[in-house]
Amino acid sequence: MSTVDEAAEERFSINPARVGLYLTLGGLLVFFLAPIETGVVTSLKTPDAVGTTSPLVPSVEGFTLDNYATAVSELLPGMVNSLLYAVPATILSALFGSFAAYGLTLTDWRGQIGVLLLFVAGIFIPYQAVLVPLTRLFSVLGLSTLGIWGLLGIDNAYAGIVELIITHTAYGIPICAILFRSYYKGMSEEMLESARLDGATVRRAYRRIVFPLSTPMFAVVLIYQFTQIWNDLLFALVLVQAESSAAAPVTLILAGLGASQSGTIFGLRMAGAFVAALPTLAVYVLFGEEFAKGVAT
Amino acid sequence: MARLELDDLTKVFTDDDGGEVVAVEEVSIDIADGEFLVLVGPSGCGKSTTLRMIAGLETVSDGRIRLGDRVIDDKKPQDRDIAMVFQSYALYPHMTVRGNMSFGLEESTEMPDDEIRTLVDDTAGMLGIAELLERTPTELSGGQRQRVALGRAIVREPEVFLMDEPLSNLDAKLRSEMRTELQRLQEDLDTTTVYVTHDQTEAMTMGDRIAILNDGRLQQVATPLEAYHQPANRFVAGFIGEPSMNFFDVEVQGDQLVHAPAGDTSAGEFSYPISADTRESLQATSRATLGIRPEDIEIVGAAESGRDFDTTVDVVEPMGDENNLYLGFSADSERTFVATVGGMRRVEEGQPAVARVPESAIHLFDADTGEALQNRTLRDAAATEPEL
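Going down the list, the sequences are from chains G and H. Quick note on our numbering: the first sequence kicks off at 1 and runs consecutively. Quick note on our numbering: the second sequence kicks off at 1 and runs consecutively.
I should point out that these hints are in silico values taken from the structure, not numbers from a laboratory. Ideal placement from N, C-alpha and C gives every residue a C-beta, glycine not left out. A hint or two may mislead.
Partial pick of chain G residues on the chain H-facing surface, computed with a CB cut under 10 Å [to be verified]:
1. Met-191
2. Leu-192
3. Ala-195
4. Gly-199
5. Ala-200
6. Ala-205
7. Pro-212
The list that follows gives simulated cross-link-like pairs (lysine to any residue, SDA-like), each with its CA atoms no further than 25 Å apart [as the list claims (entries may be wrong)]:
8. H:Lys-76 to G:Thr-105
9. H:Lys-75 to H:Arg-64
10. G:Lys-185 to H:Lys-76
11. G:Lys-293 to H:Glu-139
12. G:Lys-185 to H:Thr-136
13. G:Lys-293 to H:Thr-136
14. H:Lys-75 to G:Arg-110
15. G:Lys-185 to H:Thr-14
16. H:Lys-76 to G:Glu-189
17. H:Lys-75 to G:Asp-108
18. H:Lys-75 to G:Thr-107
19. H:Lys-75 to G:Arg-204
20. G:Lys-185 to H:Glu-58
Take a look, some chain G residues computed to stay more than 10 Å from chain H by CB distance [claimed, not checked]:
21. Pro-58
22. Asp-66
23. Trp-109
24. Val-120
25. Ile-125
26. Gly-147
Assemble the whole structure, with the sequences as input and the hints as a guide.
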């Protein structure tokens, strides 16, 4: 048999290992996509249709967009509230994280390692462990009792938004600092020395050199932090508490959406979940290109 | 413009285990205003550390640095009025060439924007990079980046230029071009310059004076020709010059230097007669190192005196203008030494040759300390201080 025949035979022969691989891959694909498919299909069904048809199959006669209309109108105030703290907290934690990483990586002073270890430890503090101290802290501070809310004519429940900004910023800084640190470690030391010799102070060197060169890492950190903060329910539950509050974030409202004593409206809950996820998708689309650059480095 | 004085400069690093490593030990050099001083030595000799101490990027463990009449070793780098060119160029990648060159002026002076603009334009014109001003460093070739790095230093008109192996990332041809150009620039600007390199060719060709360092200690500060012809010790003699000086361990026996390779005294291959003058300079030394530069060895027709030696040509390296001959005292000798002869001379490998070692050209070093006991005589006395 010539080698040409062998090669041809190999190309058409069925290799059991390959068959197994593709079956597994196909299975995983179905496994991961089925819930999303179910979600989409269910969100477009009337409550009756949800009860009578299979969750995976779309229903023609039971088709409705009402779920989305209701979800948007119910969730919109919550989404505005969420944006009110998610955007500032994301930007602040990224900015402070970058400052901290710069100070811990590209400058030279005693005791850096000790401070760095505190940052690393900060990442591993479980949120549950701080819930009680956190509520105690804010009740002592009493942000909602300040006269400023009355002066501005704003519901003092919005003190909860301020508390969420502070909390998420504080808890975001350690992970942001570590992410930036790994990025800054790869930066040319000679370049920064050159900036020092050029007369730039530590602050100016950050503003004119390190900060502009950090854009890809900022994209990574902004996407990561925004998703984390937007999706958080625990701090919202503890600090704002009531779904009925004027300052209730989207996750808090979503938790109660479509749930009543007469039963759960699954279509509405599914539609709500998709609507609530839209801003995180938008952030990915917005920073996607820079994100890829940042992850690659 | 100012003179730069290094006074007993010492740098001790503490490593992770708390051990101390002396990188630079009591280096004192006095660099005149407008002088081009080359710091040269093998890697790890402390030359870069010395430069970084002058720049202020490394603290000084002991000693003083004076610039003009100011003590600067306790000043911040930005307050020293010094510009540095790095081996990696260290350009700011997100700024244009103009941005890179303006940065120092914007940060360290109150100069108005239009003046900075004119100054950058002028400097770029002088370096031939005027048409690159709006590009970013990633769009430039290595040679162009090098020029931008130089321009960034020049535009600030500092008291002192520091250059840390600035040409080592360039290819050989460009390097020799830039070498000449840098020298011309430095002469025109007349700015005190300290230039670090491991390349002895750069040191020889560029420096007004060269300072040779080894193991953190200063070996010699001298003009290039002085260092070449009158090395202070064996290290300098071996480091300066290409191919290197030949060294033979010898024992002093009366008026003869008897070849006695260290650790293998039975394998002596020659004895070299010395004159009374040479004997005197050896004084009580019993063991010494005989040094002879390859170009001082003559290949003659037949042995006529005790300073002519029968050898066999082991390897011939043709360089075009000259041939480097690797000679052994016998055909199967493992130990060879180098002689340089004219490029037109036909020499075959394996052929016998008579090597003449003139006494006027030999160097003698103390075997223990390496210090020079006698350097070659200079038939032309002006060679130590060449006149142009």
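Structure-based check of each hint:
no.	hint	result
1	Met-191	holds (4 Å)
2	Leu-192	holds (8 Å)
3	Ala-195	holds (7 Å)
4	Gly-199	holds (3 Å)
5	Ala-200	holds (5 Å)
6	Ala-205	holds (9 Å)
7	Pro-212	holds (5 Å)
8	H:Lys-76 to G:Thr-105	holds (19 Å)
9	H:Lys-75 to H:Arg-64	holds (12 Å)
10	G:Lys-185 to H:Lys-76	holds (23 Å)
11	G:Lys-293 to H:Glu-139	holds (19 Å)
12	G:Lys-185 to H:Thr-136	holds (23 Å)
13	G:Lys-293 to H:Thr-136	holds (19 Å)
14	H:Lys-75 to G:Arg-110	holds (19 Å)
15	G:Lys-185 to H:Thr-14	holds (22 Å)
16	H:Lys-76 to G:Glu-189	holds (17 Å)
17	H:Lys-75 to G:Asp-108	holds (16 Å)
18	H:Lys-75 to G:Thr-107	holds (17 Å)
19	H:Lys-75 to G:Arg-204	holds (19 Å)
20	G:Lys-185 to H:Glu-58	holds (19 Å)
21	Pro-58	holds (51 Å)
22	Asp-66	holds (51 Å)
23	Trp-109	holds (13 Å)
24	Val-120	holds (20 Å)
25	Ile-125	holds (29 Å)
26	Gly-147	holds (45 Å)
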